[in-house]
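Engineer: Top to bottom, those sequences are chains F and H. Just so we're aligned: the first sequence equals residues 130 to 302 in the numbering used here. Just so we're aligned: the second sequence equals residues 130 to 302 in the numbering used here.
It is worth saying that the hints were derived from the structure and are not from the lab. Accuracy of the hints is not assured; some may be wrong.
All copies of an identical chain are treated as equivalent in the list; a pair is satisfied when it fits inside any one copy or across any two copies.
DSS-like mimics (lysine-lysine), calculated; alpha carbons at most 25 Å apart, straight line [claimed, not checked]: (1) K243 <-> K154; (2) K231 <-> K274; (3) K295 <-> K154; (4) K131 <-> K274; (5) K154 <-> K131; (6) K154 <-> K209; (7) K154 <-> K274; (8) K231 <-> K243; (9) K154 <-> K238.
There are 2 protein chains.
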Amino acid sequence: MKRLIVDMDDVIADATGQFIQFYEKEFGVRVARESLNHQDEGLGFPGHHDVIQQFPFRETFFRTMTPHEGSQEVLERLNKEYQLFVVSAAMEFPQSLFEKLKWLEEHFKFLHWKQIVFCGSKAVVHGDYMIDDLAYNLDTFNGEKYIFSAPHNLHIHTYPRLNNWKEVGERFL
Amino acid sequence: MKRLIVDMDDVIADATGQFIQFYEKEFGVRVARESLNHQDEGLGFPGHHDVIQQFPFRETFFRTMTPHEGSQEVLERLNKEYQLFVVSAAMEFPQSLFEKLKWLEEHFKFLHWKQIVFCGSKAVVHGDYMIDDLAYNLDTFNGEKYIFSAPHNLHIHTYPRLNNWKEVGERFL
């Protein structure tokens, strides 16, 4: 069985949507998702608020994200055909570890805890395929690499692109 | 720089000593470390108490372990000569994640969060060398493997053995 490494934030979890929601709650302004396109993660919010340095350290930020459309169904099918690992670079945010584990238990019940990895650098994991929204995670990977579309990576053309979970299913199932 | 993967429990942290301490607090009996020799992890406690299914789920179990003698000094020196990762199969114990991270921050201040990995299965990590007390973690590793002595692995002769951190230093420094 081939080993498939899948990221969490902005791949199976709608992290961008969570930033927008937290921003709206805090500043009363609903930012359009498209307005974040082609800017690095966390940039593009009015007033240059550094949301990346704020929201991910807040309680419930990781626990209450919405799963990306189709991610649950497609990942459940992939789980039968691949040696699947969910690998998240979570170590920067100590309180996220427990929240992320509980989030996976809630939304991806078919995953065993043996399939979950929380790390700092993804350079240490290896496998046949990796799907991630951040180029620097893909850069150090030994296998085939796919970038999953998010506003902050639309200007990157280094890796084959999967725009949504329908396309993940078409490529891997 | 060669990549060195080092385990936590019973390699840099005295997990066996913590089991003995928790057992004494709970049952009033101080178990001799030597009496646990040559038995699987968690076995050998009087009354066949299944300590493995109990103590690791308790608060402070992972947070209050004692570092193994010499582990801090030797690991700090290894950190300058190797691409060092501390990899712990912690996912089975959800509350351990935060405790383990804080424990590392306290006792191994020289480690960056990028060097820490909490996983379920270690099959997903790769590197040049691995030091672990459990043979099944070494079994799936791609590089050179060393078993670190603990009461529960003294009967295993599959891998070269490092008995303590002095020996780790002699092998790797």
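Engineer: Run every hint past the structure and note whether it holds.
Structural biologist: Cross-check of the supplied hints:
In this assembly of identical chains, K243 and K154 lie within 25 Å of each other by CA distance neither inside one copy nor across copies; the values are 36 Å within and 31 Å between. For the homomeric pair K231 and K274, neither the shortest alpha-carbon distance inside one copy (27 Å) nor that between copies (33 Å) is at most 25 Å. For a Cα distance limit of 25 Å, the shortest separation of K295 from K154 qualifies neither inside one copy, at 31 Å, nor across copies, at 55 Å. In the homo-oligomer, the alpha carbons of K131 and K274 lie at most 25 Å apart both inside one protomer (14 Å) and across protomers (24 Å), since each shortest distance falls under that limit.
In this assembly of identical chains, the alpha carbons of K154 and K131 never lie at most 25 Å apart, being 42 Å within a copy and 47 Å across copies at closest. With identical chains, the CA atoms of K154 and K209 are never at most 25 Å apart, being 39 Å at best within one copy and 45 Å at best between copies. Taking the shortest alpha-carbon separations for K154 and K274, neither the intra-copy value of 36 Å nor the inter-copy value of 51 Å comes in at or below 25 Å. Taking CA atoms no more than 25 Å apart as the test, K231 paired with K243 passes in both settings, with 14 Å inside one copy and 22 Å between copies.
Proximity of K154 to K238 under the C-alpha cut-off of 25 Å is found in neither arrangement, the shortest distances being 30 Å within a copy and 36 Å between copies.
Comparing the model with each numbered hint stated earlier shows that hints 1, 2, 3, 5, 6, 7 and 9 do not hold.
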